[in-house]
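S.K.: Listed below, chain by chain, are the residues.
2 protein chains.
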Amino acid sequence: MSEMEKQQESTAKFIDGIDFEKGGGIVPVIVQDSKSKDVLMLAYANKEALSLSFSTGMAHYWSRSRASLWKKGETSGNLQTIKKIDTDCDRDTILYLVDQVGVACHRGTWSCFDSVKKNDE
Amino acid sequence: MSEMEKQQESTAKFIDGIDFEKGGGIVPVIVQDSKSKDVLMLAYANKEALSLSFSTGMAHYWSRSRASLWKKGETSGNLQTIKKIDTDCDRDTILYLVDQVGVACHRGTWSCFDSVKKNDE
Chain A
611 MSEMEKQQES TAKFIDGIDF EKGGGIVPVI VQDSKSKDVL MLAYANKEAL
661 SLSFSTGMAH YWSRSRASLW KKGETSGNLQ TIKKIDTDCD RDTILYLVDQ
711 VGVACHRGTW SCFDSVKKND E
Chain B
611 MSEMEKQQES TAKFIDGIDF EKGGGIVPVI VQDSKSKDVL MLAYANKEAL
661 SLSFSTGMAH YWSRSRASLW KKGETSGNLQ TIKKIDTDCD RDTILYLVDQ
711 VGVACHRGTW SCFDSVKKND E
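From first to last, the protein sequence lines are chains A and B.
Just remember that our numbering sits 610 ahead of the position in the first sequence, which is counted from 1.
Just remember that our numbering sits 610 ahead of the position in the second sequence, which is counted from 1.
Isolated chain A (complex conformation):
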């Protein structure tokens, strides 16, 4: 088996192990900046969004309000490059470690959380 095939098998196994059913087809995704470890946002992913995050290396989510797949930064340019995708003991929560281009929040702030500021913010 080639290195790429091994990686694809490992990714498929990870995705298959996620408990999407508990949340009606979606799981919460904690998004953390890989360098500063700042928590940037909480979003949700369905199986397709998670698969696309793996295959494209760019963060994808499921927008609950728009009920549609959402590539972060597709319109704003505030893309998130995936550095690592992790899950927890219950396999019902995802953690994306990302490199954030620009800012994470639609308000124009580094993080969606009020008290989390970038060093120069």
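Hints are computed from structural coordinates only; laboratory data are not their basis.
Heads up, a few of these hints could be off.
To be verified - Within a straight-line C-alpha distance of at most 27 Å, the following computed DSSO-like cross-link-like pairs (lysine-lysine) qualify: (1) A/LYS657 with A/LYS616; (2) A/LYS727 with B/LYS727; (3) B/LYS623 with A/LYS728; (4) A/LYS645 with B/LYS694; (5) A/LYS728 with A/LYS647; (6) A/LYS727 with B/LYS694; (7) B/LYS657 with B/LYS623; (8) B/LYS647 with A/LYS693; (9) A/LYS727 with B/LYS647; (10) A/LYS693 with B/LYS728; (11) B/LYS647 with A/LYS694; (12) A/LYS623 with B/LYS728; (13) A/LYS645 with B/LYS728; (14) B/LYS645 with A/LYS693; (15) B/LYS727 with A/LYS623; (16) A/LYS681 with A/LYS728; (17) A/LYS657 with B/LYS632; (18) A/LYS645 with B/LYS693; (19) B/LYS727 with A/LYS694; (20) A/LYS727 with B/LYS623; (21) A/LYS728 with B/LYS693; (22) A/LYS728 with B/LYS728; (23) A/LYS647 with B/LYS694; (24) B/LYS647 with A/LYS647; (25) B/LYS681 with B/LYS694.
As the list claims (entries may be wrong) - Simulated coverage check for chain A against chain B, where a stretch passes if three residues somewhere in it have a Cβ under 8 Å from a Cβ of chain B: (26) 635-647; (27) 690-699.
Unchecked claim - Partial selection, computed: residues in chain A whose CB lies under 8 Å from chain B: (28) LEU652; (29) CYS715; (30) HIS716; (31) CYS722; (32) ASP724.
Remember, it's a predicted structure, so these values are computed and weren't measured experimentally.
No residue lacks a Cβ here, since even glycine has one placed at the ideal position from N, Cα and C.
Assemble the complex: chain A is given as a structure, and chain B must be docked to it using the hints.
M.R.: Chain B only, in chain A's frame:
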């Protein structure tokens, strides 16, 4: 108004501003270690759990599996002292910054996330 009254008013305003309805009475809580900034777990809180976290200074949650209020560490001793409570732009997610006693995960690991290790773990 005394300093304590001001603080109580500010806490009441924070809690009243949280959108518990979107999640059927509960909101997800990202739990982050205040020193290392490691993400320790994701849990859920209802209004009572959030209020108790403020008033006691110890992390409280709503257990979805047991359908009951849950003081983290009450039986295990793995308590979480609250350092800060924050929310996000949509007011539908909470962030607890905590000092973790012992470990966060029932598996005996520092974090519930597979790849998040303590320095000496």
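S.K.: The structure should be examined with respect to each hint, and the outcome stated for every one.
M.R.: Hint check:
With a C-alpha separation of about 20 Å, the suggested pair A/LYS657 and A/LYS616 falls inside the 27 Å cut-off, and the hint holds. Only pairs whose Cα atoms come within 27 Å are accepted, and A/LYS727 paired with B/LYS727 is accepted, the gap being roughly 24 Å. Between B/LYS623 and A/LYS728 the alpha-carbon distance is near 26 Å, which keeps this suggested pair within the 27 Å criterion. For the hint linking A/LYS645 to B/LYS694, the alpha-carbon distance of about 22 Å falls within 27 Å, and the restraint holds.
In summary, the hint linking A/LYS728 to A/LYS647 is supported, as the alpha carbons are separated by about 11 Å, within the 27 Å threshold. Distance restraint check for A/LYS727 and B/LYS694: the Cα-Cα separation of roughly 14 Å lies within the 27 Å cut-off, and the hinted pair is therefore satisfied. The hinted pair formed by B/LYS657 and B/LYS623 meets the criterion: a straight-line CA distance of about 12 Å does not exceed 27 Å. Note on B/LYS647 and A/LYS693: the hinted pairing holds, with a Cα-Cα distance of about 17 Å set against a maximum of 27 Å.
About 14 Å separates the Cα atoms of A/LYS727 and B/LYS647, which keeps this hinted pair within 27 Å; it holds. With a C-alpha separation of about 19 Å, the suggested pairing of A/LYS693 with B/LYS728 holds against the 27 Å cut-off. As the CA atoms of B/LYS647 and A/LYS694 are separated by approximately 16 Å, the hinted pair is consistent with the 27 Å bound. The straight-line distance between the Cα atoms of A/LYS623 and B/LYS728 is roughly 26 Å, inside the 27 Å bound, and the hint therefore holds.
Between A/LYS645 and B/LYS728 the alpha-carbon distance is near 17 Å, which keeps this suggested pair within the 27 Å criterion. This hinted pair checks out: B/LYS645 and A/LYS693 have alpha carbons roughly 22 Å apart, not beyond 27 Å. Among the hinted pairs, B/LYS727 with A/LYS623 is consistent with the structure: their alpha-carbon atoms are about 22 Å apart, no more than 27 Å. With a CA separation close to 23 Å, the supplied pair A/LYS681 and A/LYS728 stays within the 27 Å bound.
As the CA atoms of A/LYS657 and B/LYS632 are separated by approximately 22 Å, the hinted pair is consistent with the 27 Å bound. Under the criterion of a C-alpha separation no larger than 27 Å, the hint pairing A/LYS645 with B/LYS693 is consistent with the structure, at around 22 Å. Distance restraint check for B/LYS727 and A/LYS694: the Cα-Cα separation of roughly 14 Å lies within the 27 Å cut-off, and the hinted pair is therefore satisfied. The suggested pairing of A/LYS727 with B/LYS623 holds, with an alpha-carbon distance near 22 Å, which does not exceed 27 Å.
With a C-alpha separation of about 19 Å, the suggested pair A/LYS728 and B/LYS693 falls inside the 27 Å cut-off, and the hint holds. About 24 Å separates the Cα atoms of A/LYS728 and B/LYS728, which keeps this hinted pair within 27 Å; it holds. Under the criterion of a C-alpha separation no larger than 27 Å, the hint pairing A/LYS647 with B/LYS694 is consistent with the structure, at around 16 Å. Restraint check: the Cα-Cα separation between B/LYS647 and A/LYS647 comes to about 6 Å, which is no more than 27 Å; the hinted pair holds.
Taken as a hint, the B/LYS681 and B/LYS694 pair is honoured in the structure, with Cα atoms around 17 Å apart against an allowance of 27 Å. Coverage of the region 635-647 of chain A by chain B holds [criterion: at least 3 residues with CB-CB distance below 8 Å; count 5]. Counting residues of the region 690-699 of chain A whose beta-carbon sits less than 8 Å from any beta-carbon of chain B gives 5, enough to reach three: the coverage restraint holds. For A/LEU652, the interface hint holds, since its Cβ comes within 8 Å of a Cβ in chain B; the closest pair sits about 4 Å apart.
Hint status for A/CYS715: holds, given a least beta-carbon distance of 6 Å to chain B, under 8 Å. Taking 8 Å as the C-beta cut-off, the interface hint given for A/HIS716 holds, the closest approach to chain B being about 7 Å. Interface restraint check for A/CYS722: the shortest CB-CB distance to chain B comes to about 4 Å, inside 8 Å, so the restraint holds. Because the smallest distance between the Cβ of A/ASP724 and any Cβ of chain B comes to about 6 Å, under 8 Å, the interface hint for this residue holds.
Taken one by one, the earlier hints all hold for this structure without exception.
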